[in-house]
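Just so you know, the sequences run in chain order A and B. Taken in order, the first sequence gives residues 1 to 301; the numbers are from this note's numbering. Taken in order, the second sequence gives residues 302 to 602; the numbers are from this note's numbering.
Read the hints as simulated data drawn from the structure, not as lab findings. As the structure is a computational prediction, the values presented were derived from the model and not from experiment. Cβ atoms here follow ideal geometry from the backbone N, Cα and C, with glycine treated the same way. Hints may contain errors.
[Unchecked claim] Straight-line C-alpha distance at most 30 Å; calculated BS3-like pairs for lysine-lysine:
1) A:74 / B:471
2) B:552 / A:74
3) B:335 / B:552
4) A:170 / B:552
5) B:378 / A:77
6) B:375 / A:74
7) A:229 / B:530
8) A:77 / B:375
9) A:248 / B:378
10) A:34 / B:530
11) A:161 / B:552
12) A:34 / B:471
13) A:30 / B:530
[Claimed, not checked] Reference listing, derived: stretches of chain A covered by chain B, where coverage requires no fewer than 3 residues with Cβ under 8 Å from a Cβ of chain B:
14) 167-179
15) 236-244
16) 259-273
[What the hints assert, rightly or not] Label pairs and their computed distance ranges (CB to CB):
17) B:587 / A:293: 43 to 53 Å
18) B:558 / A:38: 38 to 48 Å
19) B:552 / A:279: 22 to 32 Å
2 protein chains.
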Amino acid sequence: MEEINKETIVVWLKDLQDRICTSLEELDGKSIFKEDLWERPEGGGGRSRVITNGNVIEKGGVNFSAVHGQTPDKILKALSLDKADFFATGVSIVLHPNNPMVPIIHMNVRFFEMSNGTWWFGGGIDLTPHYVIKEDASFFHQQLKNACDQHDPNYYTKFKKWADDYFFIKHRNETRGIGGIFFDRLSKDESHSKKDRWAFLQSVGNAFAPIYVTLAKKHLNDPFTSKEKAWQGLRRGRYVEFNLVWDKGTKFGLDTNGRTESILMSMPPLANWEYSHIPARGSKEEETLNFLKKEIDWVNA
Amino acid sequence: MEEINKETIVVWLKDLQDRICTSLEELDGKSIFKEDLWERPEGGGGRSRVITNGNVIEKGGVNFSAVHGQTPDKILKALSLDKADFFATGVSIVLHPNNPMVPIIHMNVRFFEMSNGTWWFGGGIDLTPHYVIKEDASFFHQQLKNACDQHDPNYYTKFKKWADDYFFIKHRNETRGIGGIFFDRLSKDESHSKKDRWAFLQSVGNAFAPIYVTLAKKHLNDPFTSKEKAWQGLRRGRYVEFNLVWDKGTKFGLDTNGRTESILMSMPPLANWEYSHIPARGSKEEETLNFLKKEIDWVNA
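Okay, chain A solo, but in the shape it has when bound (with noise of 0.2 Å):
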C-alpha cells in the first residue's frame, strides 16, 4: 500500500488542480486561466490560476498551495504547544459567473501537518446561488451527500450542518448560500484512519467538477434582465461581507501576512451596495432570501 505523506498529497492536489482547471476551461469554452508561481519568503509557495472575462466564468481563481514554516502563535495557542513547524497544503476555488442564473461556487480541500506529529484534513464545498433554484439546490446536496455516504453514513449530516453554522453571515442573519459541507481538524480515530480520511478527501475533491459543470451547464443560456445582474451584484456584497467579516481563513490569512492576492482571489469582480434594499412581495429576490436559512433539509427539499 501506498504511503500517504505530505508529498503523496501535494502531487495528489497538484494534478487536482490541473483536472479541475480543464474541465472549467472546457465548460468556458473561451477564456483559459492565468498561472502564477509565487514563493513564500518563510517557506514553500503556490500556484494560482485565475480566469476572467470568461463566456461562464467573469472572475474565478483555482489556487494551490504548499507552505511551511514556525506555526502561527494563533494555532500554538490553540494546541497548547511551545513551538512546532507546520506544513500546510491545498487547493482553494471561488468561481464568479456571468450569468445570475448560474451560482458562486467556493471549494477547498487542505492538509495540515505539524512537527509534532498532530496533523488533519479539512475542506468543503458550498453553493451561492444568486437566486435559489429547489431543484439544483436538491442535486447539489444530493451529490455531496453520495460523496460523503461512501465513506461514512454520518458525514453529510454532520458537515452539512457544520457548513449551515460556518457559512452564517451573522450581521445579516441570513446563510451565505445553501450551503453544502464543511469540515475541519479530521484526524485519526476510533473509526477512522488516516488513509480513510485521505479517501475522502480525495472524493470531496473529484466530486467538485462535475457538479460544478452540470449546474453551469444547465444555466450558462438562461436570460437575464438587468434588474436581476443588479441582484447578483448586491448577492456578491454579501458574499464580500462573509469573507471579510467572518471567514475564519480569510481572517487568518491576512492577520499572518498571507499572501494577500491570492487570499482575495475569492472577492467578486464587481460588487454593489444599496442602503437598506427589500426585494418586491413575492419577486423571485423575496423567494430566494427565505431560503437564505439554515437546517433547510435541501436533499429532500
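Fit chain B to the known structure of chain A by using the hints.
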C-alpha cells in the same frame, strides 16, 4: 455658562447633521437625503440619512445616533469594569462621489459616557482620493491643522499620526488614503477640561462641510475616462477591505448586534476587484499608490 451634558451634546449633533445635509444637498444640486428613523430595541435610536445617484454624490450617508443601555462586555473588559450603563452619541459620514477626481471622505464625531462617570470624545476626518492631488492634500491637512491649532498646538501632529496608523490596510501595506486626523478617548486631563474637549469636537464637526464642498466643487466637472472610473472601482474595493477587515468601529458594530444598514452605509455603491492589478509605470495611478504611505508631511508637501 451652559453645562455640557448628553442632552446639550445631542442637540448640537442633530443640528450639525442638519447643517451638513443642507450643505451637501446644495453642493449636489440634484439629489436630496432620505431619512430613516430607527429605534434600538435595547435603548435609543438614530436618524440615518442617505443620498444616492446625485450629481456629485453617487452614494453617501450622514448618520446621527444616540444609544444607551448596558455597556457591551468588550468595553467593560477593556476598562476592567464589572457592570455599567453607557450612553453613546455621534454623527458619522461617508461620501462616495461619482467623479473619480473627487475624493471619498469620512467623518465621525462622537461622545461616550458611562454610569460610573467615565466619559470621552472621539472622532476624526480623513480623505481617500482615488487620485492623490498634492495641492488638495495640502489644503485638506492645512484645514484640519487650523481646526486643531485653535485648541491645542499638539493636537494636529498627534492626531495626524493617529490617523496614519489607524487608516492603514495592513494586508496591502498601504494607507486607506491621505489620512487626516483621528482621536479617541479624549477625556479630562490637566490641560483640557470637558469644555475644551467639546469645543474641539465642535470645531472638527464644523470643519467638515466647508472642506468637502471646496474640494468637490474644484473637481466635480473634471473630465474622466472609463479607465479612470475603473480605477475608482478598484480603490473602492480597498475601501471595502479596510472597513470590513480592519475598522474597529465597523467590526465592533457588526459583532455587537449594531444596526447593520447604518454601519454599512460606508460601503460604496459599486466596487471592483482584479487579481494582482499593477498600474503602469509612470501612470497617475502608480503615483497615487506611492502617496499611500504613512508619515507624509502633507501640510508642507
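Legend entry - Range agreement (Cβ of residue 293 of chain A with Cβ of residue 587 of chain B, hint 43 to 53 Å): With a Cβ separation near 46 Å, residue 587 of chain B and residue 293 of chain A satisfy 43 to 53 Å, so the hint holds.
Report task. Quickly compare the C-alpha distance for residue 30 of chain A and residue 530 of chain B to 30 Å and report which way the hint goes. Result -> holds (26 Å)
* Asked: Taking the beta carbons of residue 558 of chain B and residue 38 of chain A, is their distance inside 38 to 48 Å?
  -> Roughly 39 Å apart at Cβ, these two residues keep to the hinted range, so it holds.
Compare the distance between the alpha carbons of residue 161 of chain A and residue 552 of chain B with 30 Å, and conclude whether the hinted pair is satisfied. Holds, because 26 Å separates the two Cα atoms, which is no more than 30 Å.
**Message:** What's the verdict on residue 77 of chain A and residue 375 of chain B, does the C-alpha distance respect the 30 Å limit or exceed it?
**Reply:** Distance ~21 Å between residue 77 of chain A and residue 375 of chain B Cα, so the pair holds.
| Is 22 to 32 Å right for how far apart the beta carbons of residue 552 of chain B and residue 279 of chain A are? | The hint (22 to 32 Å, Cβ to Cβ) holds, given that residue 552 of chain B and residue 279 of chain A are roughly 28 Å apart.
- Are 3 or more residues of the stretch 236-244 of chain A near chain B, judged by a Cβ distance of less than 8 Å? With 4 residues in contact (Cβ-Cβ under 8 Å with chain B), the coverage given for the stretch 236-244 of chain A holds.
| Check of the stretch 259-273 of chain A against chain B for coverage (Cβ-Cβ below 8 Å, three residues minimum) | holds (count 12)
Distance restraint between residue 74 of chain A and residue 471 of chain B, which requires alpha-carbon spacing of 30 Å or less
holds (18 Å)
message = Between the alpha carbons of residue 335 of chain B and residue 552 of chain B, is the straight-line distance 30 Å or under?
response = holds (26 Å)
Would the pair residue 229 of chain A and residue 530 of chain B pass a check requiring their Cα atoms to be no farther apart than 30 Å? Roughly 20 Å between the alpha carbons, so the hint for residue 229 of chain A and residue 530 of chain B holds.
Does residue 471 of chain B sit within 30 Å of residue 34 of chain A, going by the straight-line distance between their CA atoms?
holds (27 Å)
When each numbered hint is compared with the structure, no violation occurs for any of them.
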